[in-house]
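Engineer: Listed here are the chains, written in short residue letters.
Number of protein chains: 2
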Amino acid sequence: MVNYPIKRKKQVKSTNYANLGMTLESDIESTNSYYLDMGIAVIHKKPTPIQVVNVSYPARNKAKITEAYYKTPSTTDFNGIYKGMYIDFDAKETNSKTSMPLKNVHPHQIDHLRNVDKQKGISFLIVHFKAYNEYYLLPAQVLFEYWDMQYDKEKGRKSIPYSTFVERAYLIPFGYQPRLDYLKAVNLLLASETSSDH
Amino acid sequence: MVNYPIKRKKQVKSTNYANLGMTLESDIESTNSYYLDMGIAVIHKKPTPIQVVNVSYPARNKAKITEAYYKTPSTTDFNGIYKGMYIDFDAKETNSKTSMPLKNVHPHQIDHLRNVDKQKGISFLIVHFKAYNEYYLLPAQVLFEYWDMQYDKEKGRKSIPYSTFVERAYLIPFGYQPRLDYLKAVNLLLASETSSDH
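If you read the protein sequences in the order shown, they are chains A and B.
Heads up: the first sequence begins at 1 in full-length UniProt numbering, then just goes up one per residue.
Heads up: the second sequence begins at 1 in full-length UniProt numbering, then just goes up one per residue.
The shape of chain A in the complex, shown without the other chains:
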């Protein structure tokens, strides 16, 4: 593994496992910084959408937002480009040992991932099973399959079983630099798509 010098503030933070909700996101952001600095890919987290209602100007040229509210995002959190390919994904965590509940995914995210898929983008979820400390790249196709199936009275279930991750998702290596090398899993996904096309 490359002993890549730590440059960014986020990477200097001690790994506080008490705050896992933020850790997955910051692990991905630190990975993205590494990809960017190494010229591997340009992938960024989109800012959280905020509806600004009131702004005051306590000093010249300094706007202070005094009233604002979080808005529901209309897309996934992460997108960018890797070797000419459009990449789009969201990150999810679950405490469950047996499955990822589908309620962790918002319908607008499904719509967005489907739109990206139609335009031939590479779309997926990164799912963290906290109980096992395992990270998976779940191809959007598998997600769509379970999403649509949940409305089926016979086969329907409100979650994707852990066994499906083991069988059909790609394990993401966790390390020091990059923290979560998810592009390795993207490469495996691409290789499997190429081989199934022929």
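A portion of the hints provided could be inaccurate.
[Said to hold, decoys possible] Taking lysine to any residue and the SDA-like style, the derived pairs with C-alpha atoms no more than 20 Å apart in a straight line are:
no.	chain 1	residue 1	chain 2	residue 2
1	A	K158	A	H106
2	A	K62	B	N54
3	B	K64	A	P73
Source of the hints: derived by calculation from the structure; they are not laboratory data.
Keep in mind the model is a prediction, meaning the values are calculated, not measured.
Chain B: place on chain A using the hints.
Structural biologist: Just chain B now, kept in the frame of chain A:
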């Protein structure tokens, strides 16, 4: 031209030319909505990045942000996918009749566009010359050329002449639906790149 039904609130707004600063952005957003609804492309504006300092909870589950500040974005405002290709751009307006000042572009945006270019994405600026009410797609390559030249003592200038837009940028058709059909200009850009490759 297709008489596309008006669905989104933004499109219903009267075209108030007094507020041109917002109009370019909302014209692009309305165009993006059209592209999305027609299955042509998936391109979104990124939310404005905001640093949240204080949040209060006047009611259960309702977070009210009471102190926050605008942050400098680290990327351009727009990105997405069109026919499998990664698209990335920013929008600029100028009142000048003779040139677009380079100070309208931030150094971090240049860095970002260069990174995207290295990954073989399609990167450009949409520039509105208000004096002529003309919209141009300026290829990132031309922007880089002038950006680098500004530090040259002999050839250096702090702006891109209007004549360069006429000669080397692509005029974007302005219409009713879509408002600013910039993917037409992207098609021309792609065609010229293909022909110059051979």
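Engineer: Hints the structure violates: just list their numbers, smallest first.
Structural biologist: none
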